[in-house]
Amino acid sequence: MSDAAPRDFIRQIIHEDLESGKHGEIVTRFPPEPNGYLHIGHVMSICLNFGVAAETRGRTFLRFDDTNPGKEDEEFVNAIEADVHWLGFDWEERLTHASDYFDALYAAAEQLIEKGLAYVDSLSADEIREYRGTLTEPGRNSPYRDRSVEDNLDLFRRMRAGEFADGEHVLRAKIDMASPNMNLRDPALYRIRHVSHQHTGDAWPIYPMYDFAHTMSDAFEAITHSLCTLEFEDHRPLYNWFLDVLEPEHRPRQIEFSRLNLAYTITSKRKLSALIDEGIVTGWDDPRMPTIAGMRRRGYPAAALRDFVARAGVTKKDKLIEMGMLENSVREVLGDPSPRRMAVLKPLKVVLTNYPEGQVEHMTAMNHPNNPDMGTRDVPFSRELWIEQDDFMEEAPRKFFRLKPGGEVRLRSAYIIRCDEVIKDAAGNVVELHCSYDPETKSGMPQSDRKVKGTIHWVSAEHAVDAEVRLYDRLFNEANPNAAEDYHSVLNPNSLEVVTAKLEPALAELPAGEAVQFERLGYFFPDSRDDAPDARVFNRIVTLRDSWAKLEKQALQGQS
RNA sequence: UGGGGCGUAGCCAAGCGGUAAGGCAACGGGUUUUGAUCCCGUGAUUCGCAGGUUCGAAUCCUGCCGCCCCAGCCA
5 MSDAAPRDFI
15 RQIIHEDLES
25 GKHGEIVTRF
35 PPEPNGYLHI
45 GHVMSICLNF
55 GVAAETRGRT
65 FLRFDDTNPG
75 KEDEEFVNAI
85 EADVHWLGFD
95 WEERLTHASD
105 YFDALYAAAE
115 QLIEKGLAYV
125 DSLSADEIRE
135 YRGTLTEPGR
145 NSPYRDRSVE
155 DNLDLFRRMR
165 AGEFADGEHV
175 LRAKIDMASP
185 NMNLRDPALY
195 RIRHVSHQHT
205 GDAWPIYPMY
215 DFAHTMSDAF
225 EAITHSLCTL
235 EFEDHRPLYN
245 WFLDVLEPEH
255 RPRQIEFSRL
265 NLAYTITSKR
275 KLSALIDEGI
285 VTGWDDPRMP
295 TIAGMRRRGY
305 PAAALRDFVA
315 RAGVTKKDKL
325 IEMGMLENSV
335 REVLGDPSPR
345 RMAVLKPLKV
355 VLTNYPEGQV
365 EHMTAMNHPN
375 NPDMGTRDVP
385 FSRELWIEQD
395 DFMEEAPRKF
405 FRLKPGGEVR
415 LRSAYIIRCD
425 EVIKDAAGNV
435 VELHCSYDPE
445 TKSGMPQSDR
455 KVKGTIHWVS
465 AEHAVDAEVR
475 LYDRLFNEAN
485 PNAAEDYHSV
495 LNPNSLEVVT
505 AKLEPALAEL
515 PAGEAVQFER
525 LGYFFPDSRD
535 DAPDARVFNR
545 IVTLRDSWAK
555 LEKQALQGQS
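With my numbering as the guide, the letters of the first sequence map in order to residues 5 to 564.
To be clear, the hints were calculated from the coordinates, so they are not data collected in a lab.
Check each hint, because a few of them may be wrong.
Computed list of lysine-lysine pairs in DSSO-like fashion (alpha-carbon distance at most 30 Å, straight line) [said to hold, decoys possible]:
# : residue 1 : residue 2
1 : K275      : K75
2 : K428      : K350
3 : K275      : K350
4 : K457      : K428
5 : K26       : K353
6 : K403      : K446
7 : K353      : K457
8 : K323      : K75
Model the full structure from these sequences, guided by the hints.
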């Protein structure tokens with residue numbers, strides 16, 4: 005285990021700490037506040053914390069940082085547990101809450117008071133802000149800063165007893181109001197909040213602040229490496245101050261790494277819930293959401309998410325990672341195991357004029373062209389078929405090797421057909437194609453290897469199963485929507501397109517929870533909420549790579 | 001203008017004084033009954049910039065520039 009090369013600076017530190025004997029065992033924690041759903045950014049933290057411990061046979065706690073009742077909710081704790089499990093990690097018996105330590109935290113606060121390192125301040129929130137100074141000017145001491153230990157103890161105990169109203173007093177650390185680090189200008193330790201807590205009920209009228217609760221919780225759990233994101237970098241001196249003055253048995257070390265930002269998405273909880281409230285998406289698990297719940301419903305495999313963050317790496321540099329990177333991981337893990345099927349998203353009718361009316365053949369199609377072990381299936385074939393509208397062009401460029409008037413194309417796993425006649429409606433829209441098939445070219449027959457440039461997918465009209473298919477695209481048109489003043493202005497209005505597709509019959513039997521490749525189109529996944537055996541609903545997980553679409557796009561750009 | 005961080009290819013990222021790994025993307029080519037997959041091949045005379053130290057610098061020093069974070073009784 006220790007001979008494996010460390011892959012990033014945090015693993016290097018951990019490796020050294022193990023080598024030097026500083027720690028016999030690595031203990032980490034993933035500490036979400038249960039005030040929202042976990043998103044792609046959290047995936048990074050989860051994989052890092054659980055990963056680093058697993059690699060060294062250490063342990064990881066799942067700890068709910070529940071020190072701010074009112075914002076937190078049981079719905080979120082359940083969702084978080086489900087998401088972490090789904091991602092593939094297990095905290096075993098190590099499920100804790102910052103609120104589990106409220107008694108110990110309270111005792112530590114009294115110790116601080118007794119040491120003369122904390123005091124009860126009776127300034128209002130506004131006054132405290134004024135006294136704090138600014139980034140360039142030092143703060144001033146509160147007039148209550150020199151209260152005696154006895155007074156402070158008395159006041160704090162009465163705060164705990166519920167004698168004061170919200171906001172009347174606050175317990176502060178006594179550090180340095182002139183520190184250039186704002187976090188050291190007598191940070192608040194406890195505030196009064198007469199609200200019930202989702203885990204401790206009405207037991208407490210006062211609640212500890214993040215810095216205090218987090219540091220001491222880490223110490224109580226004997227966390228060796230407390231891994232967090234860059235914005236906490238200048239909280240580290242405060243983190244260490246608590247450890248220095250309180251001298252707990254265990255001394256955790258905080259190390260910061262950069263957040264993972266995905267291009268074209270937002271992760272701010274406020275904005276994510278606004279998307280839901282405004283009806284732009286349907287909920288936290290909308291398949292367009294960057295939440296774990298959303299990505300799971302979309303059909304992204306957990307392994308793809310793990311692979312993606314592993315490739316992104318752990319560093320201190322701000323990241324804005326391209327979608328293509330995530331999509332690559334998704335395609336890579338879906339490629340081998342997903343069975344292939346045929347489905348037509350935007351149907352165009354084809355009539356094979358020389359094919360006997362009423363005849364049905366059963367074509368044998370491979371479930372995976374690169375893996376014969378996955379077997380074959382029967383696909384019914386008849387005189388009338390559906391093909392993709394995009395697979396026909398009346399006036400096609402020479403590079404278009406699909407169906408065009410007078411041209412030939414192979415129907416996958418079936419015959420080669422020729423387009424003889426284009427049928428249009430009064431408005432001039434193509435509504436139907438009359439084609440003829442070449443009986444000598446049936447898949448598997450001796451003559452079947454006749455070369456034609458293109459192969460397209462199809463579904464027998466008579467046997468087709470209708471299904472709702474949801475085609476998702478990015479939610480935003482701007483690579484960094486976080487930077488936009490108003491995210492509404494950068495919303496992608498076409499992030500969802502719903503079509504009624506024609507499926508080959510075998511697709512009606514696809515089990516829920518299993519991804520499938522619709523050949524030439526992409527990977528699809530039965531929707532966990534709306535899919536039903538007699539009314540299938542599929543989500544498009546991701547398209548296939550499409551070099552034709554790329555060419556078309558370039559041609560379009562060349563014209564304009 | 002105070003403090004804390006970060007700058008290696010379009011996006012990520014190795015590198016830790018000995019002469020710029022790798023992945024994604026892009027671009028060529030081969031295989032292919034998915035324009036998919038797979039396979040080959042192509043990118044940095046240079047590491048934000050400018051000096052300095054050194055036989056030798058992305059790595060050490062100095063200065064400058066750019067970007068991010070901090071003034072919650074949020075986390």
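Against the structure, the hints come out as follows:
no. : hint           : in the structure
1   : K275 with K75  : holds (15 Å)
2   : K428 with K350 : holds (17 Å)
3   : K275 with K350 : violated (34 Å)
4   : K457 with K428 : holds (26 Å)
5   : K26 with K353  : violated (72 Å)
6   : K403 with K446 : holds (25 Å)
7   : K353 with K457 : holds (21 Å)
8   : K323 with K75  : holds (29 Å)
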